[in-house]
Amino acid sequence: MDDGGPLLFLIALAPFIGALLPGLMIRAGRTVCAISTAVPTVIALTMLMVLAPAVLRGEVIQAEVDWLPQLGLSASFFLDGLGLLFASMILGVGLLITLYARFYLSGEDPMGQFYTYLLLFQGAMLGIVISDNILLLLVFWELTSLSSFLLIGYWKHLPEGRQGARMALAVTGAGGLAMIGGMLILGNIAGSYNLTDILQAGDAIRSSEWYLPALILILLGAFTKSAQFPFHFWLPHAMAAPTPVSAYLHSATMVKAGVFLMARMWPVLSGTDAWFYIVATTGLVTMVLGALIALFKDDLKALLAFSTVSHLGLLTMLLGFGTQAAAVAAVFHIINHLTFKAALFMTAGIVDHETHTRDIKRLGGLRHLMPITFLIGTVAALSMAGIPLFNGFLSKEMMLEEASHTDWFSSPYAVPVMATIGALLSVAYSFRFVSHVFLGPVRDDYPHKPHDPPFGMWAAPALLVVLVIVIGVAPFLAEGIVTAAASAVTGADLHPHLKIWHGVTPALWMSVIAVVGGAVLLALHGPLDKIWAAAPRPEAKAIFDRLMAAIVALSRGITEIGHNGAISRYLAIFTAASVGLGWVAYASSGLSAPTRGLLPVEPVIAVGWIMLVVATVSVVVMHHHRFRALVLLGIIGLSISAGFAYLSAPDLALTQISVETVTIMLLLLALHFMPKLTPRESPTGLKFRDAVIALGAGGGVGALAYAFMMRDIETISDYHVANSYEGGGGTNVVNVILVDFRGYDTFGEIIVLGIAGLVIYALMHALLDGPAARRLKNTDFSQDRSRDRHPLMMVVVTRVLMPIALVVGLYIFLRGHNEPGGGFVAGLVVAIALLMQYMASGFAWTQERKRIEYHTMIGLGVVIAGLTGVGSWLSGSPFLTSAYTYVHLPPIEEFELATAMLFDLGVFLTVLGAVMLMLYSLSRIARFAGATVNEGPMDYDPGLKDEQEAER
Amino acid sequence: MNFFAELLISAALVVSGVFGFVGSFGLIKLKHPLQRLHAPTKATTLGVGGVLIASMIFFFAKTGHVSVHELLITLFLFLTAPITANFIAKAYMSRNLRKGDLPDPPGEYGWSVYDDPPESRSDRP
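Going down the list, the sequences are from chains X and Y.
Mind the numbering: the first sequence is residues 1 to 952 in this note's numbering, read in order.
Mind the numbering: the second sequence is residues 1001 to 1125 in this note's numbering, read in order.
Don't read these hints as lab results, they were simulated from the structure.
There could be a bad hint or two in this list.
To be verified - Below, computed lysine-lysine pairings styled on DSS-like, alpha-carbon distance capped at 27 Å:
(1) X:LYS676 / Y:LYS1042
(2) X:LYS499 / X:LYS361
(3) X:LYS530 / X:LYS676
(4) X:LYS676 / Y:LYS1090
(5) Y:LYS1042 / Y:LYS1031
(6) Y:LYS1042 / X:LYS297
(7) X:LYS777 / X:LYS687
(8) X:LYS676 / X:LYS297
(9) X:LYS530 / X:LYS687
Unchecked claim - Take a look, some chain X residues computed to stay more than 10 Å from chain Y by CB distance:
(10) GLY187
(11) ALA274
(12) ILE804
(13) ASP939
Quick reminder that beta carbons are idealized off the backbone N, C-alpha and C, glycines included.
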């Protein structure tokens, strides 16, 4: 059974891996790009053909790898007759489309992008048809929605393309969501998410009380994807896509995904009244309605789109009948529809490409100008109309045969009559396609002089048309694949015989009526068209747009309750919620009795505390004066550092002091360009609200700290202290926590810090474009600027200090693992050392003297930290497990080398890069506001004066 | 720790305390910003210096090793305190005084705060 299992994985992966190629190969030329797209397809197709004989014998090929077993999600694939049919369709047509698109796309279109999207789509589609796990199938299902969105919107400059892509995504995406629900229900009933298991559990599922909800949800997914009424409206709008996309997605593959799903689930879901009435009725209505609209469409592609809707309805109806013969007809029609419809789309594309119009009313008489295209288009259209000796006739006869003995609510006539009307309309629009485009007199007002395209462009449709005729004349050739697929659909061992002549049956008479009626209808098309144009019809797009607008307004309304862009509101919600949660925790469990007493308050501490309180209150009172507030913030920060130092947390004190210094420096620089006063905006009520929240939160945190400190509570700190040296190889517990125990947090934090630096840089772009920029431009900073911007003394001293500061930074970095310090503080110290240079000699002058871009530094830091973490995988340990060793180099004492130090290096680089990037952003504002760049390191340079004197 | 060492430490601490207090007091008492400038600079150099000397003696007496951290701090202080004072003075001049309020300096160039730098340093935008 599992022969060839590995091949299945390769088949599933080939398009995704191949998707990387076209984007690169486009540099080597358009043909190379197309070939590189074809290669993965050919590989996958070859492997499929290797597996095909076994599948045709009735075997099922399976392959499985656990992915997320907790969720029941596994990467399992299987290939049976139905999967083989669809997979070969997807790959085969994919190959033809690749060829066709090579000639269809113009030089201005980014071809690499197109082929990448195409391969992504192909992979997703292939995944759907060979998935054995319905959760995996859902993943691929959503992937087709996403990749088809990219393909439909490929011509980004066209509004129709963008709107059509959005509509397709919204409709199919919504259906996909519904389907997730249905599939989960199904999996729950069956007790497994594996299709092969579910397919065995048909009776249990049909008798379950959850059957109907699951059925409806899954059908929603299938109907939206396969454009069934009333969700059919997205398909015509998706025709804004390039024609290769329409031919591939909207005739051959994606829209058939819904049909595929119904076929796949046929053994499980069909056979009930609910299935018959929902599926068959929807299919019937869609078939007739689609055909009717198609008849009156003037856009070639819209005509084909609605005819596709109609044929998808036909397939849905056949599956809805629930009989084995109908399933055989459906499978056969899937093949036939693929051949003639893809050929027709390509023909329409050729006509559009050559005449520069798709409007039927502006075409006609092309048979003389484009004989090859005429031949291809006519054969395909006749097959679509169901004329004998073409393959469309065979499956349509089977459909009519099935329809002729189907009762609908005990009426024996409803289905046959409607089916005949559908067939009749189908004949009419097929004939119209031929006669209004190719027949008739040659016109002299084509937008572009038409002629047949190059061979490469008509080769693909020609091949399809050959298939149309071959299957039409010798249907037994397709018997093998139809048998395998139909057996897979029904789960029974079928042996259908495909023949051209069935004798004089009701179906034959229905066919005759359809063909004659269709011809008559075409003759009457002119007057009917006028009536149609005058009749009121609901405009699907307008309804859809209104619906979307309403949904968007609703969600915006809901969002803006909590997310209106005012940071004060976020903080209020966040803080109030935290306090509330704390209160709930307290109220529900209470507190145990305190086990510790209060310590006496020493005078020094009391003084420090009073200073802190006074400074804090002062900030509240004076915060409108921004400089004063900043000075007070500095006092608070230093007091807190002193507190840390007093409470034996030298690491925190060190970090706090460095952070404080950098922050104050950057804020001072920023404040220079901002208004000196904060306007008074908050009304009293708001202030009161904020005061209540602030006091509540502050009091809450205080109470929490008090409650904890009055009790002996076991914390994780004990574990950290006990394991710091043995597990992490460092005696500085804080540092070991940062780089080892909670290294993953630190890794996340440096990424956030790096992002913050980059975002500030990016925001500056926006800032220098908006109203703030105009204010800056109009503010005159020249008056409060000293002429001596870079004083000699400052410059000299900072130069002297720089090596010392760098050594301090290095020292703090190196000792970080065992003593207070580490990469973060070291990064800040070095940043301060550099900041001094920038302040002394000006940003631009200093900037020219550094080698590494700060963006690079951030990226490098994150990468180094990440690689260090990944490195521990090599020894089979989890991410970021640190290793350490002791090294002895003769001149220095024995010292320790830990991988944690590499990680710390990453932290160091990120911190440094982020801080300096912020400074860079501020400097850009300064330059924008009119600051000039100095040529030398200082304004009055005595050395220069000596030089000048020497020259004299 | 012998009595002599303790005496030295105490003396250094007292000196530092006195200067620290005088510096802080001066900051409040003195009226003019340029006068006020003097008070904290004394406090940072002599006041902090006293503590540092006391610390060095303490650690030498206790461990027998010479502690050099304090020297480094002193170095930084000596480097930064004058610059700070210089900057405060410059900022004051730039904000509150005009060129005419001051006598012309004796050298070749004018006040650096008011006059543009010599021509060889032409700025580029």
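Status of the hints after comparison with the structure:
Simply put, LYS676 (chain X) and LYS1042 (chain Y) have alpha-carbon atoms about 31 Å apart, too far for the 27 Å limit, and the pair is violated. Under the criterion of a C-alpha separation no larger than 27 Å, the hint pairing LYS499 (chain X) with LYS361 (chain X) is inconsistent with the structure, at around 39 Å. Between LYS530 (chain X) and LYS676 (chain X), the direct Cα distance comes to roughly 72 Å. Violation of the 27 Å bound is thereby established for this hinted pair. Between LYS676 (chain X) and LYS1090 (chain Y) the alpha-carbon distance is near 21 Å, which keeps this suggested pair within the 27 Å criterion.
For the suggested pair LYS1042 (chain Y) and LYS1031 (chain Y), the alpha carbons sit about 17 Å apart, so the restraint of at most 27 Å is met. Between LYS1042 (chain Y) and LYS297 (chain X) the CA atoms are separated by roughly 93 Å; this puts the pair beyond 27 Å, and the hint is violated. For the hint linking LYS777 (chain X) to LYS687 (chain X), the alpha-carbon distance of about 34 Å lies beyond 27 Å, and the restraint is violated. Annotation: proposed proximity of LYS676 (chain X) to LYS297 (chain X) is violated, straight-line Cα distance about 66 Å (limit 27 Å).
For the hint pairing LYS530 (chain X) with LYS687 (chain X), the CA-to-CA distance comes to about 68 Å; that exceeds 27 Å, so the pair is violated. At the 10 Å boundary, the C-beta of GLY187 (chain X) stays outside the reach of chain Y, the nearest C-beta of that chain being 68 Å off. Non-interface status of ALA274 (chain X) relative to chain Y is upheld: no Cβ of that chain comes within 10 Å, the nearest being about 77 Å off. Interface exclusion of ILE804 (chain X) from chain Y breaks down, the closest Cβ pair being 8 Å apart, not more than 10 Å.
Non-interface status of ASP939 (chain X) relative to chain Y is broken: a Cβ of that chain comes within 10 Å, the nearest being about 4 Å off.
Checked against the numbered hints given earlier, this structure breaks hints 1, 2, 3, 6, 7, 8, 9, 12, 13; the rest are met.
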